[in-house]
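Residues per chain, in single letters:
2 protein chains.
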Amino acid sequence: MQVSSNTIEVLTVEDYARFLAKRTVKMRVSEVRQLLKWAEGREVISFGGGLPDPRIYQVEELAEIAKTIILEERHKVLQYGSTEGLPALRDQIAKFINRYGIKVDGIENIIITTGSQQGLDLIGRILIDPGDVVLVEIPTYIAAINAFNVYYPRFQGIHMDNDGMIVDELEDTIKRFKNEGKRVKFVYTVPTCQNPAGLSLSEDRRKHLVELAEEFDFLIVEDDPYSYLIFDREPPRPIKTYDTSGRVIYMSTFSKILAPSLRVGFIVGDKKVIDKIALAKQATDLCTSTLSQLIAREALRREIVDKQIKNSISLYKMKRDLMLEALAKYMPHGCKWTKPIGGMFILAYAPEGVDTKKMLQKALRRGVAYVPGHGFFVDGSGANTMRLNFTYPSEDQIDRGISVLAEIIREETMRC
Amino acid sequence: MQVSSNTIEVLTVEDYARFLAKRTVKMRVSEVRQLLKWAEGREVISFGGGLPDPRIYQVEELAEIAKTIILEERHKVLQYGSTEGLPALRDQIAKFINRYGIKVDGIENIIITTGSQQGLDLIGRILIDPGDVVLVEIPTYIAAINAFNVYYPRFQGIHMDNDGMIVDELEDTIKRFKNEGKRVKFVYTVPTCQNPAGLSLSEDRRKHLVELAEEFDFLIVEDDPYSYLIFDREPPRPIKTYDTSGRVIYMSTFSKILAPSLRVGFIVGDKKVIDKIALAKQATDLCTSTLSQLIAREALRREIVDKQIKNSISLYKMKRDLMLEALAKYMPHGCKWTKPIGGMFILAYAPEGVDTKKMLQKALRRGVAYVPGHGFFVDGSGANTMRLNFTYPSEDQIDRGISVLAEIIREETMRC
Chain A
-12 MQVSSNTIEV
-2 LTVEDYARFL
8 AKRTVKMRVS
18 EVRQLLKWAE
28 GREVISFGGG
38 LPDPRIYQVE
48 ELAEIAKTII
58 LEERHKVLQY
68 GSTEGLPALR
78 DQIAKFINRY
88 GIKVDGIENI
98 IITTGSQQGL
108 DLIGRILIDP
118 GDVVLVEIPT
128 YIAAINAFNV
138 YYPRFQGIHM
148 DNDGMIVDEL
158 EDTIKRFKNE
168 GKRVKFVYTV
178 PTCQNPAGLS
188 LSEDRRKHLV
198 ELAEEFDFLI
208 VEDDPYSYLI
218 FDREPPRPIK
228 TYDTSGRVIY
238 MSTFSKILAP
248 SLRVGFIVGD
258 KKVIDKIALA
268 KQATDLCTST
278 LSQLIAREAL
288 RREIVDKQIK
298 NSISLYKMKR
308 DLMLEALAKY
318 MPHGCKWTKP
328 IGGMFILAYA
338 PEGVDTKKML
348 QKALRRGVAY
358 VPGHGFFVDG
368 SGANTMRLNF
378 TYPSEDQIDR
388 GISVLAEIIR
398 EETMRC
Chain B
-12 MQVSSNTIEV
-2 LTVEDYARFL
8 AKRTVKMRVS
18 EVRQLLKWAE
28 GREVISFGGG
38 LPDPRIYQVE
48 ELAEIAKTII
58 LEERHKVLQY
68 GSTEGLPALR
78 DQIAKFINRY
88 GIKVDGIENI
98 IITTGSQQGL
108 DLIGRILIDP
118 GDVVLVEIPT
128 YIAAINAFNV
138 YYPRFQGIHM
148 DNDGMIVDEL
158 EDTIKRFKNE
168 GKRVKFVYTV
178 PTCQNPAGLS
188 LSEDRRKHLV
198 ELAEEFDFLI
208 VEDDPYSYLI
218 FDREPPRPIK
228 TYDTSGRVIY
238 MSTFSKILAP
248 SLRVGFIVGD
258 KKVIDKIALA
268 KQATDLCTST
278 LSQLIAREAL
288 RREIVDKQIK
298 NSISLYKMKR
308 DLMLEALAKY
318 MPHGCKWTKP
328 IGGMFILAYA
338 PEGVDTKKML
348 QKALRRGVAY
358 VPGHGFFVDG
368 SGANTMRLNF
378 TYPSEDQIDR
388 GISVLAEIIR
398 EETMRC
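As you go down the protein sequences, you meet chains A and B in turn.
Heads up, the first sequence is in the numbering used here, so the first residue is -12 and it goes up one at a time.
Heads up, the second sequence is in the numbering used here, so the first residue is -12 and it goes up one at a time.
If you're looking for bench data, these hints aren't it; they were derived computationally from the structure.
There may be inaccurate statements among the hints.
Note: identical chains are not told apart, hence a pair may lie in one copy or across any two.
What the hints assert, rightly or not - Taking lysine-lysine pairs in the PhoX-like style, the calculated list, with each CA pair at most 25 Å apart, reads:
#1 LYS194 - LYS258
#2 LYS165 - LYS323
#3 LYS63 - LYS297
#4 LYS259 - LYS194
#5 LYS323 - LYS63
#6 LYS63 - LYS294
#7 LYS172 - LYS297
#8 LYS294 - LYS54
Work out the full structure: start from the sequences and follow the hints.
Dropping the structure here:
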């Protein structure tokens, strides 16, 4: 496992200075967002963004909630709130995550963020000093790379298999760094229905990862939007549930279980970490929308979130099955893809030599969008991969879209 | 004018590295926010935060709008939006600021931010490289200092008089830096009813400032939440209206003219600048709440913002007059204060030797809160100043609160 040219190598003070000078240039356009923007207003089958199915929104209930809380909580709902977030919402979140096995001492272990993207930015801000080693999965969530990159980490990728991140490889990597006199600052992982790979970390590996964090003194950032959307079995226990010493920083969001537009996420962690995040958040946006927070609180309290989770699970399970069937039916020989137990994404591999980034223009012209996988791979690999979202497109679109992609891959393979 | 020990001196690469290492330590708690938090749930006369009078909110109208847009724009209101913000809102903002003399070529010159605090963070992120010289007023807005500090600028303060920032002093400062081979990156200013000083920049100085920006090749960041709340005369023309070459980055917010809780601000600037900000915003929170944006759009469209501005102006004018009267009536000899033409704040000076930070504990115990001015002064002065908000406290509280403060200052002065 070599550190590739795509990995950020920041080793000397002079290197930092050069990096800092080029900072604005270095930030790369998030392919996901560009694609979303492109798609706006055009007729396209979008496997691109990570959007919920519009049918799962409980529009009438949310309209009623919004009206009621503005009228009834008028003195709170329109003013600034505290940076940590509304106590009543944090209290509801504590109860909600408790059902998934995460116990907190109190609401001072929870901070509300403006979506989980802000959570990533704030975690990068408080944890990463230039050149710090951050371990991530290969592939990993591209928006986390973009958020952390602002703070100049040195990314090191760890490969995955069907049981998620290969924790033995992670252990070897940490030891190698240790031998070089370097310490790993934290591991960033999406352990359940990972974005983009759709893979989940096995229970044994979750335990092992926490043991390693103890032994080698690093933190674990567990980004978990998808544990609430598991189709085939009980959700795996979050890594946070194995944490006995506050080493795991857990983050999630209401974007997939209520509405992305609210921009409400949350971080659960040791009070010292939460306090630092609050300090950083003050300088960033003062507080998260009080209106959004009250809507989220009320949606939890009235069990609207529960109902939506239930509806999403059955709808998304059906759509995932449809996409897996379509892939099996249409994709040419040499292709492979992951089989997620939940979440929103399948990662598909075209035969080696196919460049899914170049191929995207062709796909878009034929009315199909996806996210080329390359940007998710910090080792510079993945040029033949694509992230396919199965929750947003309609059932009919899934079948048609995959058949178009299969046709294009077939053409591309012949060209290779 | 010396660079004081409070100014951030970052001159060599080694200095940067040391600064970077201490980054999380260096971030200081925003006194404003801490105070707001403290005040929550306690009976206190708060001259602290910059909160609107709760009576000016048009609660019924906003409740109706929230319900209607969720029902009628269900396919847009709950999903992610584009990073730049909803075109329909940017279009309404273009029309709104046009009435204050700011002309834009199109909505591509406008980006929506999650409150204007995010605007400050993003501007810091795209403009400031460690050690860059940033000129600010003495005093200047503390949350801007906190936002920019994350990116390690070298602040240099410019004094103010009754006509706002002394632009001749600014010119001398720029020339001095130039002689040392250094360039000023940008000037940050709140030119109208400044926070915390309550002073406004004269028209001549606005013109001169823009001329200097041309001559010495720097940018102007015009932070303008208060031009919409001018009591005694027509609002001064924004600096942006004198800009012919895209050197002025204008920012404002709906926090003071609709509701802080929505977290909707905006930046107006050259398309190249807006594009860079959009790129930075992607990594920060993807997009601003679509629900908040649609509420703001509808409030502009239905002229609810106009009505609120009209009501605010008459209510705040009355309150400002009350506070000026109370100050004149109660304050002991040796005190002075500014006389704002609008906005939300008066800056009061206790006699030299009084430490308003130490004095705050006493004031809080007697039920009065304010923001000690010291943190607003990048030259380390201002220990005897306090920022007094006149919009949030009730009429009765203004009179009582100022009399309590006057009494305490009298006691402190005797101790000096």
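For each hint, the structure was consulted:
1. LYS194 - LYS258: Classified as within: same-chain Cα gap 23 Å, cross-chain 50 Å, threshold 25 Å.
2. LYS165 - LYS323: neither (36 Å within a copy, 61 Å between copies)
3. LYS63 - LYS297: For LYS63 and LYS297, the Cα distance is within 25 Å only across copies (23 Å; inside one copy 31 Å).
4. LYS259 - LYS194: Within one copy, since 24 Å is at most 25 Å while 48 Å is not.
5. LYS323 - LYS63: neither (52 Å within a copy, 35 Å between copies)
6. LYS63 - LYS294: So LYS63 and LYS294 pass the 25 Å test across copies only (21 Å; inside, 27 Å).
7. LYS172 - LYS297: The answer is neither: 37 Å in one copy and 53 Å across copies each exceed 25 Å.
8. LYS294 - LYS54: Both ways: LYS294 and LYS54 sit 20 Å apart in one copy and 21 Å across, limit 25 Å.
Consistency note: the structure conflicts with the earlier hints numbered 2, 5 and 7.
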